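Letter by letter, the chains look like this.
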Amino acid sequence: MLTVFYILSAITLGTAFLTILSKNPIHSAIYLVLCFFSIAGHYLLFNAQFLAIVHIIVYSGAIMILMLFTIMLMNLNKEDEQNKSVLTRFAAVIALGLVAFVLLATFIKAQPVIEGYQVSGQDYQSIKVLGKVLLNEYMVPFEFASVLLLVSMIGAVLLSKKEHINS
Amino acid sequence: METNLALLLLLAPFIGFLINVFAGKKLSGNLPGILGTVAVATSFAVTLSFFLQVSSSKEPVMIDLFEWMQLRNFKVNIAFQLDQLSLLWLMFVTGIGTLIHMYSISYMHDDENVHKFFAYLNLFVFFMITLVMGSNLLIMFIGWEGVGLCSYLLIGFWYKNHDYNDAAKKAFIMNRIGDLGFLIGIFILGFIFNSLDYTVIRTAIESGKLLQPSWGISIAALCLFIGACGKSAQIPLYTWLPDAMAGPTPVSALIHAATMVTAGIFMITRLNFLFDLAPEVQNIIAIVGAVTSLIAASIGLIQNDIKKVLAYSTVSQLGLMFLALGLGAYQIAVFHVITHAFFKACLFLGSGSVIHAMHGEQDMRYMGGLRKVMKVTFITFLISTLAISGLPPFSGFFSKDEILMTAFHDNKPLWVIGSVASIMTAFYMFRLLYLTFYKDFRGTEEQKKHLHESPGLITFPLIVLAILALVGGAISLPGNSWLNEYLAPVIAKQSEHHHMGTTEYMLMGVAIIGAFIGIGLAYAKYIKQSSVPGQDSEITGFAKVLYNKFYVDEIYTALIVKPIYALGSFFKNAIEVAISGFIFGLGKLANVLGTEGKTLQNGSIGFYLFAFVLGICSIIVYIFLAK
Amino acid sequence: MENILQQIGIENYIYLSTLLFCVGVFGVLFRRNAIVMFMSIEIMLNAVNLLLVAFSTYHQDAAGQVFVFFSMAVAAAEVAVGLAILVAIYRNLNNIDIDSLKKLKG
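Chains as they are written, first to last, in this note's numbering: chain A, 1 to 167; chain B, 1001 to 1627; chain C, 2001 to 2106.
Honestly, the hints are just simulated from the structure, not real lab data. Keep in mind that the hints are not guaranteed to be accurate.
[What the hints assert, rightly or not] Residues from chain C shown here face chain A by an in silico Cβ test under 10 Å; the list is partial: (1) L2019; (2) F2030; (3) V2036; (4) L2050; (5) H2059; (6) Q2060; (7) F2067; (8) V2068; (9) M2072; (10) A2075; (11) A2080; (12) L2083; (13) V2087.
Predicted, not measured: the structure shown is a model, and the values here were computed from it. From the three backbone atoms N, C-alpha and C, an ideal C-beta is built for every residue, glycine too.
From just these sequences and the hints, can you work out the full model?
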């Protein structure tokens, strides 16, 4: 199992890096899809089937297709992006180091709090249980999520509509 | 009926004021003056009717108009009281007021603002009546402040002259100091007695039920005396009165000699039952009065301005009245107030007549010989001078002699001071008389040509006042005093009657001899030697100190004005600069921060994100790692 | 029931998520292309989601997974609106280089 984890982790981090470093946005998108699949693999390792499925559907299926579609629409599939200035890139690397250092230091400091893991044997992540929790305890946020999606849909339509006032 | 009459008495001058102030400009010629005179004469007539009524019935007339304010059980009414004391005061306020109004018609004839003058004069009479008639301290205070205001307006009547404005301001500010004392005294009395009504306070004191220890009353009495000091020009607040001579001469006669300056004496007499409870304050009053009398008389010895001499003489005479008050001889003080009102008004009006003839010249060094051209003025002036110098049978003799007699019985050092002041008075008054009316004319030829006797409107009041100055003493002859009996209901503690024995006659003799010494000295110097006071620069030695009024103004300037200026400039130059520097510094800092911070908003999203990441990092470090 | 955490340990997931998040941050700062920056944001969101699932398993609590579900919904909404904005920008500027968006300069 540990081997599987390492392989999956390597794929995740690797494709994430490639996403960022690829010159062509199309390539970035495809690497990102791979990255999402590997994360879905992590979910499966946790035995969280519902999330794994939803993740693939939402991210790889919906979001990434939307992105690819946009890239195609805007005709951005060329490697014409100019690099940022050296200073900016240097600053980005510094920020990366800084964030990594700070977060890792925080977690390492938090290590003593984390106790050994015990299995209680309860079922807590089958679709059945999740559905009950979602529709009992988190009923109201669930409904709000639907409203949010509706609003964002309307917003997206409004924003991308061609404006006829000026033209 | 009584209420209506009293309101007429009170409001007639006020109506005169309203008409003159709003329509006076349109009235032509002497009309504003006639109007003002009629208004005051109306008051005088009503006063006379009340005076006769109260004289016969002995019952005061009380008029309660309406409630002014109520604070829990503390109540102040707009109420008036016409008793013996206030009627006596009203008599000479409105009486002399009428004469002086009449005089002013002619005197102010050429002034373009004559309607304003009469408006102020009427307003003054109105406030003076309020002061005298009120039946509680708060109404007296209204009148008190009102006459102060009118005094200010009238001293600065010729407002185009800067010095006159300064004199007006000085009078106003000096009076404010006293008024603060008066107000504090009122507050203390209100606190102690829960009322400001004279009758209530008197009943409370006479029933012996005092809620507070007597030092409360002493402090109140002292505060009231400070108020009286300011209004009646006593040490240390007297310096405004000589400067107040900047006003037109009728004003000096009415306000700064006969009526307003006696308000302090009225107030103390009104509250005599209160001052009786505070012997220590009475002592202070007596000493202050005697010392003021002496100092003012000594300054008066050497002044050259005819009105300044009279002003210092007024301060000196007021000092004598306070001496009497301090000795508990309220009737005698009132007696002197009345006689003084007669002869001092006459003197001031006479000097006004002289100044009128001299076309505004007030310096006695440039007068002389006026006896021949201004006969009426001279004779009336002579009578009044004899009265103030204390020669029998003129009125001033009786009142002054009574004061000195009382002083002799109670406190010999004060008697000595008072007697010396009297001798000085005789000297400087005759010096004034000789320099002005005797010998040859010393002014310019131009002035000499125009010398003339004043018209009838000016001489008539002079004659009336001179007659009063001559016979005024009759109201309180030694041994048989009508005034004492008349005032008996108002004065709580009757002063013991002096038996007219050998001592008394001897004292009279001493006083007369003293007066003759003063007159003789003046005669020797100014008639025999024909000396005329030299120019300012020639004065040396102690005379110079006297001529400069003991440098009191300079001392006040050095002790009070300069430190306040210094404090003010310190606050202005140091504190304000520091504070405003700090405030402006904050503003500048914000400005600089804004200008510099503006460049942070450079529109580069990359930079914003970088800053955002740094911010998140520092927040995490602060929350999770720093502790 | 066997659990993955017994073999792998929660620390490894923490490190993985942290690194993934850092990669996302780096991407946002490093690139000029707005779409790639968007993708970096998605990477960051996923790093957090992964950690949430890990701790949900660790605490054996379904709430964590429900939260991930909501987070996905929000991400979907965000991408929809964000891409719409990008389209609008592209229409106006003919590119989506963030360095050319300097209108915010004060």
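Here is how each hint holds up against the structure:
Restraint check, L2019 (chain C) versus chain A: the minimum CB separation of about 6 Å is within 10 Å; hint holds. The restraint placing F2030 (chain C) at the interface with chain A holds, with a minimum CB-CB distance near 4 Å, inside the 10 Å limit. Because the closest C-beta pair between V2036 (chain C) and chain A is about 5 Å apart, less than 10 Å, the hint holds. A cut of 10 Å between beta carbons decides the hint on L2050 (chain C): the least distance to chain A is about 6 Å, and the hint holds.
The beta carbon of H2059 (chain C) is positioned within 10 Å of a beta carbon in chain A (closest approach about 9 Å), and the interface hint is therefore held. The restraint placing Q2060 (chain C) at the interface with chain A holds, with a minimum CB-CB distance near 5 Å, inside the 10 Å limit. The beta carbon of F2067 (chain C) is positioned within 10 Å of a beta carbon in chain A (closest approach about 9 Å), and the interface hint is therefore held. Given hint, V2068 (chain C) at the interface with chain A, holds; its Cβ is 6 Å from that chain's nearest Cβ, closer than 10 Å.
Evaluation of the M2072 (chain C) hint against chain A yields a held restraint, the C-beta minimum of about 5 Å falling below 10 Å. Because the closest C-beta pair between A2075 (chain C) and chain A is about 7 Å apart, less than 10 Å, the hint holds. Using the Cβ-Cβ criterion of 10 Å, the hint placing A2080 (chain C) at the interface with chain A is satisfied: the shortest such distance is roughly 4 Å. Restraint check, L2083 (chain C) versus chain A: the minimum CB separation of about 5 Å is within 10 Å; hint holds.
The restraint placing V2087 (chain C) at the interface with chain A holds, with a minimum CB-CB distance near 5 Å, inside the 10 Å limit.
Violated hints for the displayed structure: none, as all numbered hints are satisfied.
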